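Student: Protein sequence lines correspond, in order, to chains C and A. My numbering numbers the first residue of the first sequence as 1 and each following residue consecutively. My numbering numbers the first residue of the second sequence as 1 and each following residue consecutively.
Errors might be hidden in some of the hints.
Here are the simulated distance ranges between beta carbons [as the list claims (entries may be wrong)]:
1) A:Thr122 <-> C:Leu74: 23 to 31 Å
2) A:Gln79 <-> C:Leu75: 45 to 53 Å
3) C:Ala60 <-> A:His19: 35 to 43 Å
4) A:Thr122 <-> C:Ile13: 14 to 22 Å
5) C:Gly69 <-> A:Arg125: 51 to 59 Å
6) A:Gly93 <-> C:Phe71: 44 to 52 Å
7) C:Arg59 <-> A:Gln79: 45 to 53 Å
8) C:Ile13 <-> A:His83: 29 to 37 Å
9) C:Gly69 <-> A:His19: 22 to 30 Å
10) A:Thr2 <-> C:Met38: 21 to 29 Å
11) A:Glu145 <-> C:Leu74: 16 to 24 Å
12) A:Gln79 <-> C:His70: 38 to 46 Å
13) A:His19 <-> C:Ser5: 21 to 29 Å
Rough simulated footprint, nothing fancy, chain A against chain C, three-plus residues with beta-carbon under 8 Å [to be verified]:
14) 29-40
15) 46-55
None of these hints come from the bench; they were simulated from the model. Here the structure is a predicted model, which is why all the values come from computation and not from measurement. Cβ coordinates follow ideal geometry from the N, Cα and C atoms, glycine included.
Residue strings, one per chain:
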Amino acid sequence: MTAASFAQALDQITRVPGVRGAMLVAGDDGLVVAEHLMEGIRGPAVAALAASLATRLRRAMQAAGTGAGHFWQLLCERGGLLVVPGPRGSSSSQSPRRT
Amino acid sequence: MTVRAVESWTLQPLTDYVHEAGARLVLLMTPAGQVLAQFGFTRAVDVMAAAALGAAIMATTTELARQLGQPPFAALNHQGQRHGIFLSGLTTGRGALVVLAVYDLDVSSLGLVQLFFEQLVTDLRAGSPREGVPKQVLAADFERELNESLSTLFGR
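Could you build the full structure based on these sequences and the hints that come with them?
Tutor: Here you go:
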C-alpha cells in the first residue's frame, strides 16, 4: 500500500458518524504510520500506549492458548478505542465517540 | 534497582521516566559526558563508557547537522533484536543535557520511550535550577569530585 492509499482508507473510516479519528500504527514500535484525527486527540500518545497494550494482550492470549485476537474494544465514559491487529504486527486504532 | 543522582532535582523526573517508559538503563548527563543521574548500571566502568560513547555520538551528530546547516538532530534511535538505544538532547535551566536510554523490546517500544521522554523534558525543565556561574575546575579537585560522583551514583 502507498501513503495515499493509507490516507484514503483512514478517510473512509473517519467518515463513519461518531468516529473521531483513525490511525495506522506500527505494532512493534508504537509509532504512527498514518493518521486522520480530529483536533484534541494526541495521536503519538494513543499510538504508543495502544500498541503497548495490544502487545501485552496478544501475549496474554497466546499464554491462555486462545489464538490470535481479531480486535480489542475499550469502552470509556465519553467514547471508546478499537484496536485491530493487522498483518506483520501492524495495528490500527480508531477512537469512536460514544453516541 | 533505584535511580541514583548526583543532583537531587533530577531524581523524581528520572524515576518517573524509568517506570513509565519501561527503560532498562538510563543515563542523564551533560554533553561533555558528566553524569548527573543513572538507573540500571551496576559498575562504574560501564557508566563511564556509556557516558563517553553517548557524549561522543551527540557531538558527532551535532557537528554533522552543523555541516549540513541544520539545527541539531532531535533524537537518535538504534534498534537491535532485543534492545533499543535512544539518545536525545534537551535544554534545561541547568544547561544542555543528554539522555541515553536502553530499552528492552519485550517490555517497551520506541513509541513509549519517545512519548515519556517528552514528559521527562517537561519535568526536568520545571525542576532544574538556573545555571549559575561556571565553577572553575581545578586538576587537583577533578579526581576527588569524579570519585565522589561515582560513589553517589552507586550508593557507596
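Student: Mind listing which of the numbered hints don't hold for this structure, in increasing order?
Tutor: 2, 3, 4, 5, 7, 10, 11, 12 and 13
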